[in-house]
Structures are given as C-alpha cells and as structure tokens.
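Participant: Residue-level listing of the chains:
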Amino acid sequence: MSGIATFLTRRRGGASWHFTDVLAWIWLVAGLLLMFGPVIWLGLSSFKTRAALSEFPPTLLPYETAMVHVEGFDEPLPLYRVMMEDGEEHLLVQVRRIGTVAQMADPEAPEEIIRVPLTARQPVREIKLATENYSTPFKRYNFLRYFYNSVFVTVVATIITLIFNSMAAFALSKYQFKGRTAVLAIILATLMVPLSVIIIPLFSVINGLNLFNSLWGVILPTVATPTGVFLLRQYMLTIPDELLEAARMDHASEWKIYWRIVLPLAMPAVAVLAIFSVMWRWNDFLWPLIVLSDQELYTLQVGLNSFQGELNVQWHYVLAMTVVSMLPVVVIFAFLQRFITSGIASTGIK
Amino acid sequence: MSHLELKNVSKSFGPVGVLHHVDIEVKDREFVVFVGPSGCGKSTLLRIIAGLEKATSGDVVLDGEVVNHLAAADRGLAMVFQSYALYPHMSVRQNLSFGLENTKTPRDKIEARVTEIARMLRIEELLERKPRQLSGGQRQRVAIGRAMVRRPGVFLLDEPLSNLDAELRVTMRAELAALHKRLDATMIYVTHDQTEAMTLADRIVVLRDGRVEQIGTPLELYNRPANRFVAGFIGAPHMNFLEGRFAGGEAGAARIELDGGHMLSLHIPARPKGEPITIGVRPHHIETQGGQARIPATVTLVEALGPETIIHAEAEGQPRIVAALAGQRGITSGDTVSLALDERFLHAFDADGRRVAEGEVAEEM
Amino acid sequence: MTVETRQGIGGGHFAGLLLAPVRWAMNLIDRPMSFVQRRFGLGGVAAAFLAPNMLVFGIFVLFPMTLNVAYSFTGGGALFLNNRVFVGTLQYETLLACRDFLDAASCREDRFWRAVGNTGFFVVVQVTALVLVSLATALVLNREMRARGFWRAVFFFPVLLSPVVVALIWKWILQRNGLLNAALLELGFEPVLWLVNRGWAMFWAIFLSIWAHLGFYTLILLAGLQAIPRDLYEAAEMDGAPRWRVLTRITLPLLWPNMVVVILLALIRAVQVFDEVFVLTGGGPGTATLFLVQYIYETGLAQQVRNLGLASAASILMAVVLIVLTLIQLLASAWRERKEQR
Ligand SMILES: Nc1ncnc2c1ncn2[C@@H]1O[C@H](COP(=O)(O)OP(=O)(O)OP(=O)(O)O)[C@@H](O)[C@H]1O
Ligand SMILES: [Mg+2]
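Residue numbers (my numbering), protein chains in the order written: chain F, 437 to 786; chain Z, 20 to 384; chain P, 226 to 567.
Keep in mind that the hints were calculated from the coordinates and are not lab data. Treat the hints with care, as some may be off.
To be verified - Taking lysine to aspartate or glutamate pairs in the EDC-like style, the calculated list, with each CA pair at most 16 Å apart, reads:
1. Z:123 x P:325
2. F:575 x F:681
3. Z:26 x Z:44
4. Z:73 x F:681
5. Z:292 x Z:262
6. Z:123 x Z:143
Said to hold, decoys possible - Rough simulated footprint, nothing fancy, chain F against chain P, three-plus residues with beta-carbon under 8 Å:
7. 279-286
8. 313-327
9. 337-349
10. 353-367
11. 374-386
12. 419-432
Said to hold, decoys possible - Pulled from the structure, derived: some chain P residues nowhere near chain F, Cβ distances all over 10 Å:
13. 255
14. 296
15. 407
16. 410
17. 414
18. 456
19. 460
20. 461
21. 476
22. 507
23. 511
24. 512
25. 537
26. 560
Glycine included, every Cβ here is placed at the ideal spot set by N, Cα and C.
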C-alpha cells in the first residue's frame, strides 16, 4: 500500500511532493474551471433552444425533447418514455395534456388514445443544436449590419492607425529636427489622458465636424494612438541609420526610404500594433455607444448591449451573438498567442 | 572624368572639432587610401565627400564644381559601408537593382546591368538569396556590386574589409585591386590597417585627430615619413624609436649619443650639443651580424616565423628594440646579441616629432 | 549586427498581388513627398511625415483636452462652446457642495458622491485583490511544469475579450436561473438574486474585472519573474534556504519594480472602470455599482437634459487623479529601466 502511495506522489527527479506543489495544482485546476468554464458554458448554452434555456436546473448539453411526425397530425409531437401499468416501458407521443393526465398515443397506431398520469412518463431527449440561434439574428435582426459595421471600423481604423503611426514614428526616430523633443513630450503627456476623460468635449468636436452618428466618428478619434507611435518609434530606433544612408546614395527619396526600407524592417513591431489595434477597435464599447445613435450603424458590441438590455431578454439570441462577437478574437488568439503574449510582456501595453 | 578636391574642410559636432582644415586632391582614376587610427575622422571625411554629412566649413569640389549643397544622390558617387548596409529584407538581386529602379531605368536595362555585375563579382548563384544567407565575403561582394551598378565616377569605401577574417581579407584585397584596374574609376578607401593602405593605394593620406599628417605614395611614406607619427604608423613591425641627444659633429654628419651611451653618426645637420633627438630605425634595418654601430642587448622574446625571425630585445637605456632578421636564427630568449643598425636607413625626429631632414637640407646650410 | 538576423516580409506571388495596389498608392504619394523634399529639405519631410498623425491627434485629443477645461466653467444646455454661458466655478461648487463629505446623501450632487465612493471602494479592493491574484498566478506559472504555454493561455485569454462579452458571459451565469444558482441548489443552499442585491452586485463587479484583466498583469509579473537569474536560486539552494525564504528574500524583492508598475497600471485602469460593469449591472441596483465614468457619461450625454458643464468638471477632477497616477507610473518605469540596466 505504502509503495503505491509513494509511486503516486513521486515526481520527476524523484523529489517528494512539497505542499506548495499541491497548492500550485489546486490553483491551476481552479483557474482552468473558473477561466475556461464560463466560456464553455456560454458556448454550450448558445446552442440550446429557448425552451431548453428556461429549464431549471439547466442541463449541461443542449438537449431537446424528441419530436416525431405522426400520421393525422400536422405538427410534430413530443416523444415520451412511458412506464405502463403492466410494468413495461413504451415509447408514446403526447397528443395533448389535460391537468395531471396526458393523452398519449403509439406513433405506429395513433388512433388509439392512451391516458397516462404525468408522473409515469419521461420525455425522450436527444442532443439538438439550435443553430437557428445563430441564423435568425442575422436574418431577422440587424446583426449582419452590426457585424459589417464592426469589421469596417476595425479594418479601416487599423489601416489608418498603422499608416499614420508608422509615419510619425519614422519622423521621430530617423530625423533630427527642431521641436522633436517637444512633439515627443506632447505625445507622452497624452498617454496620461485616456478617452474616458475627454468624452464630453470630444462629443462636441465630433458634432462640430458632422461626424455624429457616423462610423467615421468612431474611427477617427482612435487612430492617432500615442501608444502605437511609441511602440514603433522604439523599434525603428534599432534600425541602423547606415541602411537609410545607403538608400539615399541609391537615389531613393525619403518617402521611398520609409516604405521600401524602414516599414518592411519594422514589420515585427507593425504586426504587434496591428493585432493590438484590431482587438482594441473590435472590442471598443463606450465611444461607439456615444457616437452612434442609429441602429443601422451600431457595431457588434453596441448592438449586443442594446439587445441584451431589452425588457424581455432573448437569451438564446444574445448568447449566440456573444459567441459570434467573440470569435474573431479567439481565432486571432489561437494563431498568434505567442506573438501577443510576448508583445505585451515586452511593451507593457494592452 | 572624376576629379575630387577637398578645400580647407573642417567639421565639428557641436563644440567638438573632428576635422581641421583638410586639403586633399584626388585625381581621376586614382586609388587613394585614408588611413589613421580609430576615431581620427576618416569616416566623417568620407561621409562629407559622399554628401551624407555637411562640412562645417570648406568646399568639396567635384570635377571643378563646388558640390557642398548637392544631396548625396546627386553627386554621382557610390559608397560601400563598413557594415555593408545591405537591405536585409531584399534579395541580392533587389539590393543590386534598387538604385537603378529609383532612377527609373528601364527593366531590361536593369536586368542586363545586374547580370553583368553579378558575373563580374561571381555572385550569379546568389542573386535570389537574402543577405543573411550569405557569408561575410559574399556580402562584401554584394555591397561592392551595389555600388557598381550605377557606374559611379567615384567609389567611396569605408573599411570594407574590416568585418572579414584575416585570410579572406587578403583575397578580397587582391580582388579589389584588380577591380580598380578593370573599372577605371576613382576610389577612395578608408582603413586603419596600414598593410591594406600600402598594398592598395596609389597615394595614401595619413590622418590623425582630424588633421592630415602626410600625403604621398606608399613608398614615399615608408622611406621619408614626415613625422614620428607617420613613421610609426606605416610599416610592420613598427619602427623602433631610440631616444638620444646630439653630441657634436659637423653639418651633414651629426654625432648622436643614444641613451645608454652608444654613438651614431648621421647625415643630418648638427644641432647644439645636448639637444634631444629620436632616432627611428625599422626592424628590418637591424642585424645581429656585421654593420657599424653595435649595441649589446638581451633577447626577451623570439618569434620564429620561418622566413624571418623577429626578436624583441632590451639594451641599456633602450627598453625595447624589435629586429626582423632574415632567415632562421638559433637565437633563444635570454641570449645576448649585439645589434647593428644600418646607418643608411636611419630616420631622425626632433623633439616635436618632425623629421630632421638629411642631405638637401644639409647642403643648404 | 541586428539587421542581418531580422526577417523582412515574405515574398510570394500572392503577397505580390496583394501588394500591387499598395505599391501603386505609395508611388502616388511619392510625388508630393519628393516635392516637399526638394522644396523644404529634410526638415520639411519630417514635418510631412508627422502631419497626418499630429493633425488627427490635435483635433481629437489635444483640442478636446483644452476644451474640457473650458466646458467645466460653463453652464446651460447648449452643445457648442460659443453658445454656452460662463458660470465660473459653479460646476465645481455644485459637485463639491456637501454638508458631510462622508455622507453622499448630504451632497447636492449625491450621485457624484456615490460614484466617487463606489469608485474609491472598487479601486482599493479590486487593485489589492487583482495584484495578489496575479502575483499568485505568476508564481505558479513560473514553476517548472509541462504545457506552461497552455496554462498561461488559460489565464490570459479573457484579456482579449470585449467588455460586453465578458459581462454577458457572467450575466448568463449569475441570472436567476443561471448555472451558479443551480449549483447552489444542488448543494442545498437557497438561490440568490446576485445582481439585485447591492452587496453582491459590487462583489461581482469586482470579481468580473479581476477575471477579465488578471491575465495581463500576470504576464507582466511573469516576465519579471523570468528575468530573475537562475543562478540566484541555485545559490540559495546551495545555501539550503527554505522555500518561503527564497520567496521573501529573493523573488519578491527582485520582482518589486515590476510590482510597482503593475500596481500603478491597475490603479489607473480601476479608476476608469466602466464597460463591463455597465453592461452587467447598468450601475444598479440603485446606485450600488455606479462608477465615475458612468456618472460622467450619463450626466453629460445620456440623460434627457444634458449637463455638459457638470460632466466636464467631474471629468477634470478624475483627470487630475489619473495624471498624478500616470506621472508616478512613468517615474516608476524609468526607475525600473535604470535598475534593469544595472
Ligand atoms: N554624429 C556624431 N556626433 C558626434 N560625434 C561624432 C559623430 N560622428 C562621429 N563623431 C566623432 O567624430 C570622431 C571621428 O569619427 P569617425 O567615425 O570619423 O572616426 P573613424 O576615423 O572613422 O574611426 P573608425 O576607424 O573607428 O571607424 C569620433 O571621435 C567620433 O566620436
Ligand atoms: Mg569609421
């Protein structure tokens, strides 16, 4: 017995278990449940029908009472497993329910009605994915529009961010000019002032520029990110000036040096910024909420929020659309995990 | 025609003066080497010629035209950088054609030129590779190739061989010399390696602390160094400097007493008795057999190289004398030898390090 | 040489095809830029490169920043500054008019004080818990183990989720018929209306924001832990130091610079708490989870009668706190960098 115990608790290298090892494993497993659990629960729930969602206590998998078509009835009828008085079990469909008694029938011989007390029957359940949770919001509600708006905002804002930020970073890292320190200081200073502090005046600026209730009003205030300028400048400083000089000897114009030499070489940093920018813009909530008033222009996040805020929450649609709005980020993360985590660890930005 | 002149060029970075009143003339098709210790301003000078840096004062004249305000690209020069500065994200072919594309050269012409250069430099098989997939010597060739494609009148090369290992450096040196003959172009070459300077140059410009110390052909510099610095810098192993003072004699045959008591007589004008003087003698002009002035010395180190034997020795009053003896000698460390200086090849420098002229100066007096 | 080891963008026909319009556009811009270069020299070029970013930056960041100050001294319902009336420090006085600063009910603008109180409570509790949990997670993840990348991803991935998604995931679990109540029932407890109870609503607001951001701070701390040289641990092992002493004498002191940065970053973020909580509770029940940003947003933009002046004044007060925190953070970062160089 004690041999088995030592075998089970033996670790690599033969060292014995320390209590911190146990604590660490408890922490990891609890973390796994707490971090992953809710998301998996969301995924599973999003495939349940409205009826299955309202069940309490809930089932783990998306079950649904099996329905069968029976001759003589237009609608499919629910299938039940019934314990008959003779002790045998039969599969019957329920035709209708009156009080505590159900009128049931054998699907093979539907003419004969059998009366069964409710307690004697169990619904036959099968796994059924309610994919209409996903399709209906796109068809019946505005979600396709929201999705398109989100993609538009994300793609356009990211492209502009990359171009504007990299141009500025290039100027700030590769040219000596009067006022360079001043520009750097201003950008640094605004790192301190997050969007949430200037929403009031920014709102009036947007109105003054006629950008209220327009996707451009969502995009433009976000594109000149000081974080991006800093990230890129820091990287561009490591590109040797000799390369630029060689290009100058090669008759390259300064613009050409920027986009043929410096930009390709700064690609690793540009890619990090691109990923960040995509996530920032895709997940933005407060600012689009302020700028967009027209349903047609809502981004996915705003649309989702307004949809869940309705009096009678249609959870089956909300959950499915939550999954949809999560999907791009999850895909990006799955492919670029290492890239993202090392990017954050080295720059300390999010 | 590519004739280059620097007129009274000075450069300072802020308060720090890096170049002081530099005057140099480089003739068409000449191979001129700037040589000097690290930090003396060679690269800065080259970059001023290239147009990558602006001189604080003075003129750069190209073919009789002042080009001070012309941008680097418009001067018709090409430069090979010390780090090669090959564009790391472009293939060798793209590296070579980038400059031509920028001047809107037609595609087929670019193609032809790149192929020609690649053949000349034997890098045809490397055209599709990226710089990081090349060896040091190959990168070097590509860097030279990139400078060649636009057929510049003047090549500027900043220590192009310094990143190569010793053996490759010798090969590339020979190739460069051959290339210069073939291209018929003016080349200005920067190095701190005096052997490179001696082997490659038509003329050498020796720089120190931003000043020109001497300009001349390699042998002029070797045979008649203008000062102690040039004498010590040119020639390997370095020249020995023996301290001493004038001990009388007449014009054209000064007598000199070295520290330690040995007497020499030199064909230089005599100076007042007791005035200090430094005698320079190259290791190759010292023998242990024959000769006139003999100095007993103890051998401290022997480097037997095969065809030649280098010995380091210590004499009274002269802590370190290096001699390069022809052939193999049976000398070991600790032996006592007697060193004979060949008086025909002695150099004399005054207290300021300036050459004390012999012959013609003596005649004038 | 860093250049030669660095990878450029890959070639390939597909990429070439994609790049063709880019190339065309870039060549188009080359003309005006070359003109600037010839006409104004490198200084002009630098200005041209900076111009687009700085223009956007000026219009949408710098200008609003100054505008904010101006707004906070005006009153009335007009949107644009030129139509607004100057009221001096009235807005600030309104915000600060309290008989007893510890009792929000005694204040003229009691919602503001409730928001301040809630935010203060949130900041203290959330930052403390967040830092401790991140530290524990980082210490666990820093151990020798298999599949470390997987475990890191487990704790990290919520960082990427949008606040709306985070809030909805948890709202679904916390609702009356949700998973949590089902579990309680299973264990024999009474179900709880989590988001209707004032105390529990605040608890879940804090829990949620920790859940969502924990991975980010863990990552920074983990980077700090991994920068601690291995041989220090080996030396300690040779000295026979027990584990807790290694933790308190080696790990924590060396991690301290990173901790400072993490704490300050967490503080700065916590002061601005809004998105997740707003979607989860809407600030409720009552004002139980009303935070400053929501107060500013609602007062200035979301209510029937917009009070831009009051909201601006509130945001200025919040900005002061943030600027102080950020300045400390920048100093701390500089300090950390200096320490790392040594
Ligand atoms: N951009 C600059 N700013 C300030 N000082 C500089 C700059 N470039 C060069 N210097 C200084 O000018 C002096 C000459 O530098 P230069 O690069 O010309 O030396 P070099 O002769 O090429 O040396 P090496 O053989 O090491 O390449 C050095 O003291 C250097 O520190
Ligand atoms: Mg140099």
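Participant: All hints are to be evaluated individually against the structure, with a verdict given for each.
Facilitator: Cross-check of the supplied hints:
Using a Cα cut-off of 16 Å, the hinted pair residue 123 (chain Z) and residue 325 (chain P) is violated, with the two alpha carbons roughly 78 Å apart. Taking the CA atoms of residue 575 (chain F) and residue 681 (chain F), the gap is about 58 Å. The hint is violated against a cut of 16 Å. Distance restraint check for residue 26 (chain Z) and residue 44 (chain Z): the Cα-Cα separation of roughly 8 Å lies within the 16 Å cut-off, and the hinted pair is therefore satisfied. For the hint pairing residue 73 (chain Z) with residue 681 (chain F), the CA-to-CA distance comes to about 14 Å; that is within 16 Å, so the pair holds.
Only pairs whose Cα atoms come within 16 Å are accepted, and residue 292 (chain Z) paired with residue 262 (chain Z) is accepted, the gap being roughly 15 Å. The hinted pair formed by residue 123 (chain Z) and residue 143 (chain Z) fails the criterion: a straight-line CA distance of about 24 Å is larger than 16 Å. With 6 residues bearing a CB less than 8 Å from a CB of chain F, the region 279-286 of chain P meets the requirement of three and the coverage assertion stands. Chain F is given as covering the region 313-327 of chain P, and this is violated because 0 residues of the stretch bring a CB closer than 8 Å to a CB of that chain, at least three being needed.
With 0 residues bearing a CB less than 8 Å from a CB of chain F, the region 337-349 of chain P misses the requirement of three and the coverage assertion fails. For the region 353-367 of chain P, the assignment as covered by chain F holds, since 3 residues bring a beta-carbon within under 8 Å of that chain's beta-carbons and 3 suffice. Proximity of the region 374-386 of chain P to chain F, defined as three or more residues with a beta carbon under 8 Å from a beta carbon of that chain, is established by the 12 residues found. For a cut-off of 8 Å, the count of residues in the region 419-432 of chain P with a CB near a CB of chain F stands at 0, and the three-residue condition is violated.
With a cut of 10 Å on Cβ distances, residue 255 (chain P) falls inside the contact zone with chain F, its closest approach being about 5 Å. For residue 296 (chain P), the condition that its CB be more than 10 Å from all CB atoms of chain F is violated, with the nearest at approximately 6 Å. Not every CB of chain F is more than 10 Å from the CB of residue 407 (chain P) (nearest about 4 Å), against its label as outside the interface. Look at residue 410 (chain P): its CB is around 6 Å from the nearest CB on chain F, not clear of 10 Å, so calling it non-interface is violated.
Chain F leaves residue 414 (chain P) outside its interface by the beta-carbon criterion, the shortest separation being 13 Å against a cut-off of 10 Å. For residue 456 (chain P), the shortest C-beta to C-beta distance to chain F comes to about 19 Å, beyond the 10 Å cut-off, and the non-interface label holds. Listed as a non-interface residue, residue 460 (chain P) keeps its Cβ farther than 10 Å from every Cβ of chain F; the least gap is roughly 19 Å. Annotated as non-interface, residue 461 (chain P) keeps its C-beta farther than 10 Å from every C-beta of chain F; the closest such distance is 15 Å.
With a closest Cβ-Cβ approach of about 12 Å to chain F, residue 476 (chain P) is found to remain outside the 10 Å limit, as its non-interface label requires. Taking the minimum C-beta to C-beta distance to chain F, about 8 Å, the non-interface status of residue 507 (chain P) is violated against the 10 Å cut. No Cβ of chain F approaches the Cβ of residue 511 (chain P) within 10 Å, the least distance being about 17 Å, so the stated non-interface status holds. No beta-carbon of chain F is positioned within 10 Å of the beta-carbon of residue 512 (chain P); the least distance is around 18 Å.
Its closest Cβ contact with chain F, about 5 Å, brings residue 537 (chain P) to no more than 10 Å, contrary to its assignment away from the interface. Distance check for residue 560 (chain P) against chain F: the nearest CB is about 14 Å away, which clears 10 Å, and the non-interface claim stands.
Going through the hint list in order, the structure does not satisfy hints 1, 2, 6, 8, 9, 12, 13, 14, 15, 16, 22, 25.
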